Amino acid sequence: MAWYRRKITVSDDTITAAHQLTVRQSLLPNLLVTILFFLWGFAYGLLDVLNAHFQSSLNITSSMASGLSSAYFGAYFICPPTISGFILRRYGFRVTFMTGLSVLAIGCLLFWPSGVKKSFGGFCGSMFVVGAGLSTLETAADPFLSICGPPRYSEIRLNLAQAIQGVGSFVAPLLASRVFFANTLNTDQGLKNVQWVYLGVACFVALLVILFFLAPMPEITDADMQVQEGEIEDGDGTGRLDPGPLRKQYNLFLAVWSQFCYVGAQVAVANFFIPFCEEAGRDAATSSDLLAVGQGLYAFNRFVAGGLLAIPAFKPRYMLAVYLGLCFVFIVPAMTTTGSASIAMLILVLCAESACFATIFTMGLRGLGRHTKIGGSLLVAAISGGMVFPPMTGAVKDRHGAHMAMAMPMMGYILAWIYPLYVNVWNREVMDTHRATMVGVEPVNDKAMQLEAQTSNVEDPSKHTGTEIR
1 MAWYRRKITV SDDTITAAHQ LTVRQSLLPN LLVTILFFLW GFAYGLLDVL
51 NAHFQSSLNI TSSMASGLSS AYFGAYFICP PTISGFILRR YGFRVTFMTG
101 LSVLAIGCLL FWPSGVKKSF GGFCGSMFVV GAGLSTLETA ADPFLSICGP
151 PRYSEIRLNL AQAIQGVGSF VAPLLASRVF FANTLNTDQG LKNVQWVYLG
201 VACFVALLVI LFFLAPMPEI TDADMQVQEG EIEDGDGTGR LDPGPLRKQY
251 NLFLAVWSQF CYVGAQVAVA NFFIPFCEEA GRDAATSSDL LAVGQGLYAF
301 NRFVAGGLLA IPAFKPRYML AVYLGLCFVF IVPAMTTTGS ASIAMLILVL
351 CAESACFATI FTMGLRGLGR HTKIGGSLLV AAISGGMVFP PMTGAVKDRH
401 GAHMAMAMPM MGYILAWIYP LYVNVWNREV MDTHRATMVG VEPVNDKAMQ
451 LEAQTSNVED PSKHTGTEIR
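Sequential numbering from 1 applies to the sequence shown in UniProt numbering.
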């Protein structure tokens, strides 16, 4: 059968014409990849509640509890620019998806012996392996959604997928408070429940490995992205404009900096949301429910942001400047007020964070051409900001309280705002050119042949017009 004779990998120097996929042609692979976003949204949402649980059940400080976050996000610092990025460039998206899922399944299984031994170090090690799997997945998934389909819709695609991730982040703390840790907050039963949860996740992930092996996935190469840049700039792709050496991609590096600071601030707010609410007079169960409310608004507003980006007047560079600015505007009164008012302001911070990650990521890839995959790896590595900011926030919280600790994420939002300032003042033309392009929107000749050849992983579509996938 042709299905099993397809090559799993494709050379990154091959022009496959997959960069010209229309919305309809890219819909199925994008939906498959979106499943992965729910997975790591669930893992991230559960992590926030686990931090609070370990802090109370193992009698550790806030800065030690943030070790779980540091282990998780430390994997993002190590894997994407090294092994994960190499796998993506050498073997393509499909193999990277399968590798990330396999590592994730192993990490989930490691939670079982860690729970049996009640080892905080074991949980940190297990969380690092989970982070390694998810960072490998994200090294492929974020760039894939950014470039699979018309370039003008890249921010919309990634924001909607991130909205699904937000749904996972919303469901996780709700399940944690209502099911996993219900009436068992300080007992061994809570840890046993977590073991079973991660065992179920491991089984589900194993099925996804098989699914991604069998599913027809387009392989978009750096050569494709180089041609696409030419099509965007001169209309026909004949120019194949050279973006220059990687060291001169200033838009990328500023995006990486912004992503690092923003994600660090976001993770710090989420990790210390429950202690913040408890300091404001709420009990642990209510605080967990309030976190679920914040995560729900976070997910909902991502759908709203995706809808707004479909309107031509709402340019991504405008949206990023406004949303990231609102994070700062809301966190200041969260720090300076008390009681319900401070909690409401912090929930609004979560709401304002919604569109930032996806918009920074997609704009950071603009104009990279042949550097697109390595640029995506660096932007995913910037998620390691979640390893740096929570320990600093925890140290401040132990000494001065959770309200004053929000000064650390506030600084993160200020530093992250450098990038929207840059793209709105000095790099407007590149952003707006990609926003206005009709590549992938207007059909091109022989599109069906090109797509058919791509899904078969044929290196030269013009020489294999008879290939058919059944």
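Be aware that a few hints might be false.
Stated by the list, open to error - Simulated restraints, written as ranges between beta carbons of each label pair:
1) F213 x V329: 45 to 55 Å
2) G325 x T433: 20 to 30 Å
3) L31 x F300: 13 to 23 Å
4) R89 x I311: 14 to 24 Å
5) R90 x I35: 34 to 44 Å
6) P312 x V425: 12 to 22 Å
7) G401 x S119: 47 to 57 Å
8) F314 x G121: 45 to 55 Å
9) T433 x D283: 51 to 61 Å
10) V430 x R24: 36 to 46 Å
11) D398 x V430: 21 to 31 Å
12) V430 x D283: 45 to 55 Å
13) V23 x G200: 47 to 57 Å
14) A285 x G307: 30 to 40 Å
Hint data in this document are derived by calculation from the structure and do not stem from the laboratory. Remember, it's a predicted structure, so these values are computed and weren't measured experimentally. All residues carry an ideal CB built from backbone N, CA and C; glycine is no exception.
Verification of the supplied hints:
One distance hint, 45 to 55 Å for the beta-carbon pair F213 and V329, holds here, with the actual separation near 47 Å. For G325 and T433, the Cβ-Cβ distance of about 25 Å falls inside the hinted range of 20 to 30 Å, so the restraint holds. Taking 13 to 23 Å as the suggested C-beta distance range, the pair L31 and F300 conforms, at roughly 20 Å. With their beta carbons about 35 Å apart, R89 and I311 fall outside the hinted range of 14 to 24 Å.
Range check, R90 to I35: Cβ separation about 24 Å, and the 34 to 44 Å hint is violated. For the pair P312 and V425, the supplied restraint of 12 to 22 Å holds, since their beta-carbon distance comes to about 21 Å. Against the hinted window of 47 to 57 Å, the Cβ-Cβ separation of G401 and S119 comes to about 30 Å, which falls outside the hint. For F314 and G121, the Cβ-Cβ distance of about 47 Å falls inside the hinted range of 45 to 55 Å, so the restraint holds.
As the Cβ distance of T433 to D283 is approximately 53 Å, the hint placing it in 51 to 61 Å holds. At about 28 Å, the beta-carbon gap between V430 and R24 misses the expected band of 36 to 46 Å. At roughly 44 Å, the beta-carbon separation of D398 and V430 lies outside the given 21 to 31 Å, and the hint is violated. A hinted range of 45 to 55 Å for the beta carbons of V430 and D283 is consistent with their spacing of about 50 Å.
Hint check: V23 to G200, Cβ distance near 34 Å, so the stated range 47 to 57 Å is violated. Checking the proposed 30 to 40 Å range against A285 and G307 shows it holds: the Cβ atoms sit about 34 Å from each other.
When the structure is compared with the earlier hints, violations turn up for hints 4, 5, 7, 10, 11 and 13 and for no others.
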